[in-house]
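Protein chains in written order, with the working numbering: chain A, 434 to 700; chain B, 83 to 419; chain C, 1071 to 1364.
I should point out that these hints are in silico values taken from the structure, not numbers from a laboratory. As the structure is a computational prediction, the values presented were derived from the model and not from experiment. Some hints could be false.
[What the hints assert, rightly or not] Not the full set, but computed from the structure, chain B residues with beta-carbon under 7 Å of chain A:
| id | residue |
| --- | --- |
| 1 | Q118 |
| 2 | V119 |
| 3 | G122 |
| 4 | S125 |
| 5 | R148 |
| 6 | Y323 |
| 7 | Q355 |
| 8 | P404 |
[Said to hold, decoys possible] The following residues of chain C were derived to be distant from chain B, with all beta-carbon distances above 10 Å:
| id | residue |
| --- | --- |
| 9 | S1089 |
| 10 | G1122 |
| 11 | E1246 |
C-beta: ideal position from N, C-alpha, C; glycine also.
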Amino acid sequence: MDALRNKARELLENKLAQVVIGYGEGSLGRVRPVFVKEPAAAVKLVYDGRCLQNLATYLLKPEVKKMGKIALVAKPAALKTVLQLAAENQIVNGEIIVLGVTADGKLIDFPDFKAIEAHVAASGPDLSPEELAVLDRLSHMSVEERWAYWQEQLSRCFKCYACRAACPLCYCTRCTVECNQPQWIPVPAHDLGNLEWHVMRAMHLAGRCVNCGDCGRACPLDIPLNLLTQMLVKGVGEHFGQRAGISATLDHALSTFKPNDKENFIG
Amino acid sequence: MTIEKRTLKKEAVGEFINRLRAGQWQVVAPKKKDKQVTFGEISGAEDICQDYVQTTQSAKGVLFPRVEELFRYQMQENGAQILEREGPPQGTVIFGLRPCDAAAVAPLAAVFTWDYPDAPFKKRLAQTAIVAISCHQADEYCFCTSVGGSPGDTRGSDILLTRLSGGDYLAEIVTEKGKRLVELAADLFTVAPKEEKEKNLARVEKRFDAKKLAEKLPGFFDSPVWIEQSLRCLGCGACAYVCPACVCFDIQDEGNEKRGRRLRCWDSCGFSQFTLHTSGHNPRSVQSQRWRQRLMHKFSYQPDRLDVVGCVGCGRCSRACPVDMNLLEHLIQIAEG
Amino acid sequence: MSETKEKREAKDAAMAEESNIYRPYLMRLEKITDEAPGVKTFRLKFFDEDEGKNFTFKAGQFGEYSVFGEGETTFCIASSPTRTGYIECTFRQMGRVTTALANLEEGSVMGFRGPYGNTFPIDEWRGKNLLFIAGGIALPPMRCLIWNCLDLRDRFNDITILYGATNVANLVYKYELEEWAKRPDVKLVTTVDPGGETPEWKGQIGMVPPVLEKMAPASADTVAIVCGPPIMIKFTFPVLSKLGFTPENVFTTLENRMKCGVGKCGRCNVGKYFVCKDGPVFTFAQLKDLPPEY
């Protein structure tokens, strides 16, 4: 943690960054996102097992961009997010300073996207064995059972859109649900409105989601939304041989045609 | 009316609920579901969960549902027909609400009944009774005492139960409606207990003065504090939706040119498009403006206009917030700033 | 003796008996007039004649107009309350509901909720001069007021109307402008932005604020009512101020995002006021009290 705090202070002192986005102590033992602008305040930064939120969600926020050059404290999933945002032309090489922190608290200063790519390549698979086990259980349900499971889970949803707000890849300034000509997705939080919203959001993330888990974590009603996106991470990997967040120059799996695309779902 | 005091023995609670249900009341209470405690219909006292500081969601959905049909329409040869749905079929008793939630009916009703009376809300209010249970425990998110409430507050309850040291309840019968509920089980409500109520209540320290805050806020309109405070806010609607006093709503038509319905559903002033004009002009285009609106509306505009604070200090907003916006912290920052 | 379920229900029902404020009147679209590109005027009649007879409103008020299945949209009532039996609204096609409205044919069924909002305090203006200033699509709220005043003409002194649009095609109520121009008891000045004139144009050329300055109307005993796009109002008020108008004597109507129209849904909330209840009519003195969030 000291290495991180010192680095942050240095960056701010030497005006190499105007704001460091990291984690700080919050209420009742939680951590919260902090925006450190003064070198002396770098001591506020913490990094431990509680630091799970993907802070890359703030990178494209206009109020934050206006503050100047950003240094981002990036947990592993946030590193992948940075690469995916780069692949989608939302950030360019050198635009932000990425401060990675390993599981055992070592600071890694990534000079450019290539360095992040190398680091990510050496990291584990997209889905952990535990996550795969849960997905496996779901896929072994019959269609009726799985439908009933999701109807039950989604019936709680009240359309607060915390999932969308927390997701760093949901950066559209005008979301599909906010389009009313036509109203593609019903606004009210009834069964159909909830189902269509979550299915649509998952589909819009197919091939883009890096499995940071923030959607499920942000949901105030504990709906396991990340299961939907995880299933798509698995699916895109299997059908298109692609993983999001591993390269700063990735094409979008669902909108790029390659002559050797698998066609095992046709005919 | 003066509050009558009785004892409700702990063994009698189950029977009281049975009598309510036999009297055609639907009983809604906190139930444990997976990891959360939330309000749902119960069939008996054993379904009730009492082991929590506060439920995740409020019970405001009983009075102001997430999705409510305002009317149905059916186009015809030479005109149209508008059909309204009947009110809720049964009365509902919300059992086991915290005193802060019971007090939250006041800001809800203030908005829905001022000037133009909102019939859907009034119908539900008339058919709802509240049996609240005082708080034994509180946490650092609670701040009822800063907004005129307390862990044993009777405001908004028809009956307030306070669990005493032996497990029996002091029952305070606050309203005529509460009296009618007791009449369904008069034999269960025995002579008032001798034990004092106060020593069985949680302690919630007053953290700021709501009146002083209401006086200070107008002068804070142009302060940079709103930008500082709202930097981490994601602009979702979690705080508004779990809040028992938040009332903003949207109206949506669903259907086609032949038939359909007009619905009312929850909305939040925190959403970026809440105030967007069709022309593209957005009076509150930045999150700091929306954050300021949220606080000023609850703690300055509503007290000014409707004589009621738009917050009961239940702390749900801070607990539900994905980025720990902690409303209490921000209020104290302004009250002392 | 415990109360019977029936008795309790009867009591509750009596307490809750109220009509549903969200239920619209059924209206028939009688007449469509094309005013300008994208701008139409609708004349609406109540399906229920009794409802029509009992319906009253005052100048300045607005309503929520529905296309069933699409939604509601907010316009002022553009016809004068002195003319009964129908109401009119004028709108520009911009979003979902106005597009649906623009696609309706005469004879269609619509909904209307209203009248909502506060009103122009016409009674306080007796014996005064009235100066109406409007720009573009903001003439409709003014038109209701103008006809209201013209129908009660002898209550007021001089009446002056200054109306401008970006070009000749965008002037609305063209036939009524002609009527007003012909009246000897009204002074009408129309103007179009430089470049917006046609060869036949006989009116002024210039934006409203400079034309107003050139006109230099007297401010003594005069009430000014200004309606227009924000930018026009921004530049008009200083001119009025220079001419001696005090903020209490300059009125305007505000627009804001609305849904319920009755002060409940929260959208039009500006400071402690609701544009749908405390407005849409405001004096400039009151506007100073409002935070700039409209």
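Now for the hints, and whether the structure bears them out:
1. About 6 Å separates the beta-carbon of Q118 of chain B from the nearest beta-carbon of chain A, less than 7 Å, and the hint is met.
2. For the restraint placing V119 of chain B at the interface with chain A, the shortest Cβ-Cβ distance is roughly 11 Å, beyond the 7 Å limit, so the hint is violated.
3. Annotation: interface hint on G122 of chain B violated; nearest CB of chain A at approximately 11 Å, more than 7 Å.
4. The closest approach between the C-beta of S125 of chain B and any C-beta of chain A is roughly 19 Å, which is over the 7 Å cut-off, so the hint fails.
5. With its C-beta approaching chain A no nearer than about 5 Å, R148 of chain B sits inside the 7 Å limit, and its interface hint holds.
6. A distance limit of 7 Å between C-beta atoms decides the matter here; for Y323 of chain B the minimum to chain A is near 5 Å, and the interface restraint holds.
7. With a cut of 7 Å, the hint placing Q355 of chain B at the interface with chain A holds, because the nearest CB-to-CB distance is about 5 Å.
8. Proximity of P404 of chain B to chain A holds as hinted, the smallest CB-CB distance being about 4 Å (cut-off 7 Å).
9. Its closest Cβ contact with chain B, about 7 Å, brings S1089 of chain C to no more than 10 Å, contrary to its assignment away from the interface.
10. Against the 10 Å criterion, G1122 of chain C stays outside the reach of chain B, whose nearest CB is about 14 Å from its own CB.
11. Consistency note on E1246 of chain C: stated as away from chain B, and its beta-carbon is indeed over 10 Å from all of that chain's, at 25 Å minimum.
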